[in-house]
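Colleague: Sequence:
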Amino acid sequence: MPSVYLHQLEAIWEADKRLPSVTSRRAWALARDLSPVQVNNWWYRKKKAARKSGFELPPGTYDLDVGVP
Numbered sequence: 001m002p003s004v005y006l007h008q009l010e011a012i013w014e015a016d017k018r019l020p021s022v023t024s025r026r027a028w029a030l031a032r033d034l035s036p037v038q039v040n041n042w043w044y045r046k047k048k049a050a051r052k053s054g055f056e057l058p059p060g061t062y063d064l065d066v067g068v069p
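Be aware that the sequence shown starts at 1, since it is given in the UniProt record's numbering, and climbs by one per residue.
With a straight-line Cα cutoff of 25 Å, these simulated DSS-like cross-link-like pairs (lysine-lysine) come out:
{"id": "1", "residue 1": "Lys17", "residue 2": "Lys52"}
{"id": "2", "residue 1": "Lys48", "residue 2": "Lys17"}
{"id": "3", "residue 1": "Lys46", "residue 2": "Lys17"}
{"id": "4", "residue 1": "Lys17", "residue 2": "Lys47"}
Read the hints as simulated data drawn from the structure, not as lab findings. Nothing here was measured: the structure is a model prediction, and the numbers come from that model.
Using the sequences provided together with the hints, build the complete structure.
Modeller: Shown next, in the form of structure tokens:
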């Protein structure tokens, strides 16, 4: 995944620690011509790392803003 999108995902994560819905993650990925699997895996790894460090994720999901790629 290009670093520009990794930076975008990091900024999104810092702004809201909830997990976005699967549907919105897919739309975000496709809008950037990325594999939805790659984007889902990125979120999975963030969730796993947060839990491993003792951080409890806020409940619920939200719709990730697709925005302009």
